[in-house]
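Under my numbering, the residue at position 61 of the sequence shown is numbered 61, and the numbers go up by one with no gaps.
Treat the hints as calculated values from the structure; they're not laboratory data. Just to be clear, a hint being listed does not mean it is correct.
[As the list claims (entries may be wrong)] List of simulated lysine-lysine pairs, DSS-like, C-alpha gap at most 25 Å:
(1) Lys100 <-> Lys41
(2) Lys66 <-> Lys100
(3) Lys66 <-> Lys41
(4) Lys95 <-> Lys66
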Amino acid sequence: MIPGARLPDVTFQTRVRDDSIAGPNPYRWQDMTTADYFGGKRVVLFALPGAFTPTCSTYQLPGFEKGFDDFAALGIDAIYCLSVNDAFVMNQWAKAQGLKNVQVIPDGSGAFTRRVGMLVRKDNLGFGLRSWRYAAVVRDGVVEAWFEEPGLADNHEADPYGVSSPDTVLGWLRAAAQGAAA
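Using the sequences and the accompanying hints, generate a full structural model.
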C-alpha cells in the first residue's frame, strides 16, 4: 500500500474473554471491523507470516511490545500485530508472549491481507497462504507510512526482516516528529 491509501473494510472474527461464561474456556466470538481497530486512532500495524515462528516470536513481536512507551511518546495510540492465523492461535500466542501492550488481530481467512496485497503462498514451508512481513503507521484508517520487506513473492526462500522492524518504524516516527517541529 502507499501512503494516503485507506485500509480495506473487513470484519475480523475474534475471541474475547467473557466472565459470564462458565467453564475452562470463557470466551465468545466477537466481530471486529477495520473501523473498530483503526477509526479515530493513530496506530502501528505490523504483520508477519505466523504466530509462534522464530523471527516473529523472538524479534518482531517482542520488540514492539518492549518499545510501546517509545511509540506512545510519539503519538501512537495502539500497536497491532496481524497474522493469517485464527483467533485461537493468536490468543494463545499473545498469552505465551505475555503481551500487555501489543494487541493481536487474527486474519484467519486472509481477507484483510489479500486486500492490502500482502497475501503470499508459503507452501514451501508447509504454511499455505500467509502474510508477507510488513509494518505501517496508520491514522484513522489511512496509511501514513508503509514498511514492506523486500522480495514479496510466493514461496520465497528467505524470511527477510529489517524494514518492518520496531527500530525502523520508531526511527521514521522520530524523523516525522522532528520534521513537524521544524
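Structure-based check of all given hints:
{"no.": "1", "hint": "Lys100 <-> Lys41", "verdict": "holds, 19 Å"}
{"no.": "2", "hint": "Lys66 <-> Lys100", "verdict": "holds, 10 Å"}
{"no.": "3", "hint": "Lys66 <-> Lys41", "verdict": "holds, 20 Å"}
{"no.": "4", "hint": "Lys95 <-> Lys66", "verdict": "holds, 15 Å"}
Of the hints listed earlier, there is not a single one the structure fails to meet.
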